[in-house]
Structures are given as structure tokens and as C-alpha cells.
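Q: Sequence:
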Amino acid sequence: MLTFPYSPRLFNMSCMSVPQGIDARFSLAKDCATDPSSATAALYRHRIFQGSDALSRVRPGVHTVAYGSPVFITGGLIMTRKKFSLLAALLAAALVLAACPQPTPVVETVKETVVVTQVVTQTEEVVVTPTPVPPVQGGVWVEGSSADATILNPILASDSASFDVLGWFFPSLLGQDPFSGAIVPTEMAESWDVSEDGLVWTFHLQDGVMWSDGEQVTADDFKFTYDAIGSDLVETPRKANLDNIESIEVLDPLTIQVTYGEVKCDALNNLGLGWLPSHLYAADYSDVMDSPLNETPTVSAGPFIFNEWIRDDNSTVLRNDNYWKGAPHMDGWIYKIVPDPGARLAQLQTGELDLIGVQPEQLTTIQLDSNLSLHKFKDDGYSYIGLNQANPENPQAGQDEEGNLIEQDPHPILSDLAVRQAIAHALDYDAIISRVYLGQGYQIASNVLPAVEWAHDPSLQPYAFDTEKAAQILDDAGWTDSDGDGVRECNGCATAAAGAALTIRLQTNAGNTTREDLGALVQDQLNGIGFDIQFEAIEFGTLVGELLGQTFDMVIIGWTGLGTDPNDDSFWHSKFDTPGSGFNFVSYQNARIDELLEQAVSVPGCATEDRAPFYHEIQQIIHDDIPYVFVTGSVGNTGYSKKFNGINPGPWSFYHNIETWSLAQ
Numbered sequence: 001m002l003t004f005p006y007s008p009r010l011f012n013m014s015c016m017s018v019p020q021g022i023d024a025r026f027s028l029a030k031d032c033a034t035d036p037s038s039a040t041a042a043l044y045r046h047r048i049f050q051g052s053d054a055l056s057r058v059r060p061g062v063h064t065v066a067y068g069s070p071v072f073i074t075g076g077l078i079m080t081r082k083k084f085s086l087l088a089a090l091l092a093a094a095l096v097l098a099a100c101p102q103p104t105p106v107v108e109t110v111k112e113t114v115v116v117t118q119v120v121t122q123t124e125e126v127v128v129t130p131t132p133v134p135p136v137q138g139g140v141w142v143e144g145s146s147a148d149a150t151i152l153n154p155i156l157a158s159d160s161a162s163f164d165v166l167g168w169f170f171p172s173l174l175g176q177d178p179f180s181g182a183i184v185p186t187e188m189a190e191s192w193d194v195s196e197d198g199l200v201w202t203f204h205l206q207d208g209v210m211w212s213d214g215e216q217v218t219a220d221d222f223k224f225t226y227d228a229i230g231s232d233l234v235e236t237p238r239k240a241n242l243d244n245i246e247s248i249e250v251l252d253p254l255t256i257q258v259t260y261g262e263v264k265c266d267a268l269n270n271l272g273l274g275w276l277p278s279h280l281y282a283a284d285y286s287d288v289m290d291s292p293l294n295e296t297p298t299v300s301a302g303p304f305i306f307n308e309w310i311r312d313d314n315s316t317v318l319r320n321d322n323y324w325k326g327a328p329h330m331d332g333w334i335y336k337i338v339p340d341p342g343a344r345l346a347q348l349q350t351g352e353l354d355l356i357g358v359q360p361e362q363l364t365t366i367q368l369d370s371n372l373s374l375h376k377f378k379d380d381g382y383s384y385i386g387l388n389q390a391n392p393e394n395p396q397a398g399q400d401e402e403g404n405l406i407e408q409d410p411h412p413i414l415s416d417l418a419v420r421q422a423i424a425h426a427l428d429y430d431a432i433i434s435r436v437y438l439g440q441g442y443q444i445a446s447n448v449l450p451a452v453e454w455a456h457d458p459s460l461q462p463y464a465f466d467t468e469k470a471a472q473i474l475d476d477a478g479w480t481d482s483d484g485d486g487v488r489e490c491n492g493c494a495t496a497a498a499g500a501a502l503t504i505r506l507q508t509n510a511g512n513t514t515r516e517d518l519g520a521l522v523q524d525q526l527n528g529i530g531f532d533i534q535f536e537a538i539e540f541g542t543l544v545g546e547l548l549g550q551t552f553d554m555v556i557i558g559w560t561g562l563g564t565d566p567n568d569d570s571f572w573h574s575k576f577d578t579p580g581s582g583f584n585f586v587s588y589q590n591a592r593i594d595e596l597l598e599q600a601v602s603v604p605g606c607a608t609e610d611r612a613p614f615y616h617e618i619q620q621i622i623h624d625d626i627p628y629v630f631v632t633g634s635v636g637n638t639g640y641s642k643k644f645n646g647i648n649p650g651p652w653s654f655y656h657n658i659e660t661w662s663l664a665q
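To convert, note that position 417 of the sequence shown is 417 in the UniProt record's numbering; the numbers rise steadily by one, no gaps.
Just so you know, these hints were derived from the structure itself, not from any lab. Be aware that a few hints might be false.
Subject to a maximum C-alpha distance of 30 angstroms in a straight line, what follows is the list of computed DSSO-like cross-link-like pairs (lysine-lysine) [claimed, not checked]: (1) K376 <-> K642; (2) K325 <-> K223; (3) K336 <-> K376; (4) K239 <-> K575; (5) K336 <-> K378; (6) K239 <-> K378; (7) K325 <-> K378; (8) K575 <-> K376; (9) K642 <-> K336; (10) K223 <-> K575; (11) K336 <-> K325; (12) K239 <-> K223; (13) K376 <-> K325; (14) K325 <-> K575.
Work the whole structure out from these sequences, hints included.
A: Put into C-alpha cells, the structure is as follows:
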């Protein structure tokens, strides 16, 4: 087992370029001639000097030019224009006199005295370019997480912790701009062409990208990955990525052709998965589900190579010296599992960790620590309470093989719209955002975030906190407290058995104190109007299993990485209600939603103004049906150390340039 020492924090006071002044009379070039550790050097590093003030601050190696009257420079003799004219007149007079014959030649020596009226210093700017300081090699970055990965296969994983680790190994077709979120050709596809009818996309791949075992990354890896997703032998939550793809052809090792059944406005969004190294798997995909590579992906084409995974402890990766974008300067990266948020913060402050997700109550501590930086951003995600519409004891697929809706065995309580409405009105969202999220969030009304401005419907209002209305809804729906014990029972309700208590299990992932606090508050507020909420926080991997298996009642969870396109059909379309793998794990069924989701991505020309009405209607229906109670739009806060130079986090990626980071000096 390879272990890494935790490197001490070092601070870089290296020479940096100082912009030249705007004043054309002076130019101050930045150099490192002075002692870079001195106070004077620091002064020059952080100031711009202009005008006459610059002359008193010149450093060694920099010469100045002072301009007075216009000058002529002739060898070593410098004269003003006025003096030059007088001398010319004298010479001209002498020539005239010499042309007149004299009766007696007289030879006379005339000495002329030239008076220099102004001395001007001629100077030249000598730009001393500092020798670039080579990046410091070595060091290890340690990220702290509350939850561990569950599997390290990009087409089988469904949780963010798994992607945090496996994201280092597998190449992808498309890149994403870390600041705008736009799709960009920064990964395997260096360019692409689209047919006139918009159905055929041809991708041209980077040449010379190698797997760490010496095999080349080719179009065959892309095709194998997507064919595996479509195989009946592979149970994966990524089936949606094949939606509308008719065929994938390998034209040559560096050219892929993807043909769609119809024009889809989000065609590229389904092509961003990591590729499997096809040469390590059976050609018929029979070993994808149980391959040892799912836990030990020893072959990589990314910046790091897998080293070790000790479950519930840490994952360790090492620098890939043959990474096609350039080998990272650091030795490796560690994903350390620290369930307690207070312990994560303490370890960040002591240097045992280099990065953590910051809980709202920890913000002030991070901001006051001079050794730490804080990255704040509006995340492309939201937190919600998912309400299972189907019976958790009898999960069923949403569609049959012909695409027809399968009537669900309803959840005995949550399939009742009145119950869902009561839940939505019983929650104090202002208190949730202020007390639980400490203001680090904002209330949302439905599934499209305000950041996707063209598709978001700002007229849609969130559910108002109104406990009297919530209680009245339950009364009217036949949920009353007939025995006076404070818990309502079914007395003429729509779906539950007569006399059944209004008891619901609420779950979230242990170690996320924000969600744990939210769960306790939700429990308190719902119990206040007659619910019997049984709240528990369980291990994240176990929770994910219950979600995908559709064996839960209510869950506090969130989505992230939603992107810049509003198409989220995998959450709502009935065809993605697939127990064991689908993301429509609340078993939501609405034929109109299915229709709208399909129409919204098939608008001719894909103009946003033409797609927007579909998304407005989708938001309204989701808002009214309440498969989710939307809690808050996400505001991200990341605390990190200053151990490395070059860190430049964007809202869409913190690690986008990690191969350029180097230890601070």
C-alpha cells in the first residue's frame, strides 16, 4: 500500500508581471533583480508606477528616458534645435565670403565655440525577463467527503461520490466549459460535423490518447460503452443516454458517427459518459456487471491512475505520467471519508484535508482562516423531498415493452394528492432556508432553475406555508384524528385502509448534517398537523439502493449537475420508472408530461423561444402534481487549502485544470 505524507503549506512570493503604466513617457518593466523576499521587491510586485513618480522608484537594470525639448542626436554632440540653426547660418556666411576674391590671400584659423544649452540623458529600457520558476513537483491533494463511492464504473454509478473518484480515469467524448457550462471540444472529440438534416453527427477524435496499459483510446471504446448500456445483460441507470440514438458506427479508429432517429435539441447531452476500456471486457458485455474493474479500475486515460480503495476509509489515485493533456505536477489525490462535518472542518484547518463541502454554519470559520479559501457559487441543482407514488412493497416498471403505461400499485398514503398538497403547505420554507441552510439557498417552485432563464417560468409561485390550510386539506380528504392521540387516521381517505395511521417513513443520508437537520424540522412540522413521520438517516450507499429499488416512502435528497438544458425527462418520464436502475424512482406517471417532454426536445430549429412554452407547461404540471416537494435551489460553498498554486475553480468544475496545479513555494 502506498501512503503519502501530508505536505506542509508553502506560500509563493515569486515575481509576477506588473502592467506597464498608461503614460507614454515612462515604461517600468517588471523583473526579479531585487531580492524577491525583500519588502522592496514586494512593493514592486504589487504597484504600477506612472509619470514622474516612476523615476524615483527605478530598480536596477531599468534605464529611463527624459524628454524635454525636441532633440537631435548626432554622435556624442547633442544640441537644441535653436543652437543648430545658428551654426548653420555661420557656416553659410563663411561659404559666401570664400567665394569673393581677395587681393591679398590671408590664411586665418577660426575657432568656433559651441555652447551646449541643454543636456538630455539618452536612456534605453532594458527589459529583464525573469527566468520562469519551474512548477514544484509532488504533493498530494486530499478531499474530504461524508460518503464513500459505491462503484467505480461510469455506466453503473448513479451517485456523486462514485463520480468524484471514477471521474479521474475514464475519457469522455465532450467537455464542458467550467465557467459557462457550455459543451466544448476539450476532451476526446476535437471537432464534429452535423448533416444537413441534423440526424447524423460525426465526431473526430484526438489522436495519441493512451490507456495507462499502453493501448490506444479509440472509437471502439466509445461504441463498446454505449452498446453495453443498451445490452439486456447490463442493468444501468444510463439507459436514458441511448434515447433516440439509432446507431453508432466506427468509421475508423478516430472517427465516430452517431445517427439519431429524429432531431433532438439536447442531442449532445447524452454523449458525455466516461468510456470503458473495451479491450478489458468480454465482447458480449457479459462481465460488465461483475467485473473486478468495477472496484479496481486499474487502467486509466485520465490525469490519475487508480491505486487503492479501502471502503468507508479512502480512495487513492496516482499521477498518470502519460496523461495526454500533460502529467499533473502533484503525486496523487486522496478521497478521504470523514462522516462528521465538524471533523472535516477541523481536518481542513490542520492540513489533513485540502477540500471540503462547507456546511452553512461553517462559513464564518472558513472566511476567518487566512490559510483557507472559499469558493461560493450557485450550483446547478436543488434539494427536494421525493414522494413515492407507488407501493414500496411492490415496485413496478412504468411502461411495458410496447411503451404502454403500466398502472401502478399505489402508495397507500402518498399516492393521494391531498396528502402531498398538505405536506407542501405544512413546511415553513423561510425557516428551512434561514435555520437549516443559514441563508445559503433560495426557494424554488418547480423543476427548472432560474439559471436556465429562457425555460424558467418566473410566474409560478412556490407553495405557501399555511398550516391551517394543510390541516383542512387533510380533513377534507378523510384523514382525521378520530382517537385523539395526535395522529390522523384514514376515515374515508382515498387509498389507505380504513383506520390506517398517517405514518410515513422519511429518510436521508447520514453524515450530511444539513439534511439531517432538515429531516428533523420536517418531522416536527408535519407531526404538528397530525402526521406520524418516522425519520432516519442511513448510510448513503444503502439509501441509493432503496431509491433505485423504489422501496422508500419519502426521501430528502438532491440533484446536481443538471446542466444548461432544461430537459430532465429521466426524472419524470414513465419509461424511466424502472425499479433497480431508473431515476424516476418516485414512480411518477403522467401521460401529458411524457408527451411534453418529448415535444420539448423535438422542436424544429430548436429555438429557445419555441421550446419555452413546453417547459412552462411541464413546470406547472409538476408543481400541481407534487411528485417532489422542492425545498431549495442549491448554493455551493467549497472550502479549500492554499497548498497548491493554479487553483481556478468555476461554478461547473473545481478540478478542471488540476494537471497544472503545483505546490506553493
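Q: Going through the earlier hints one by one, which of them does the structure break, listed in rising order?
A: 8, 14
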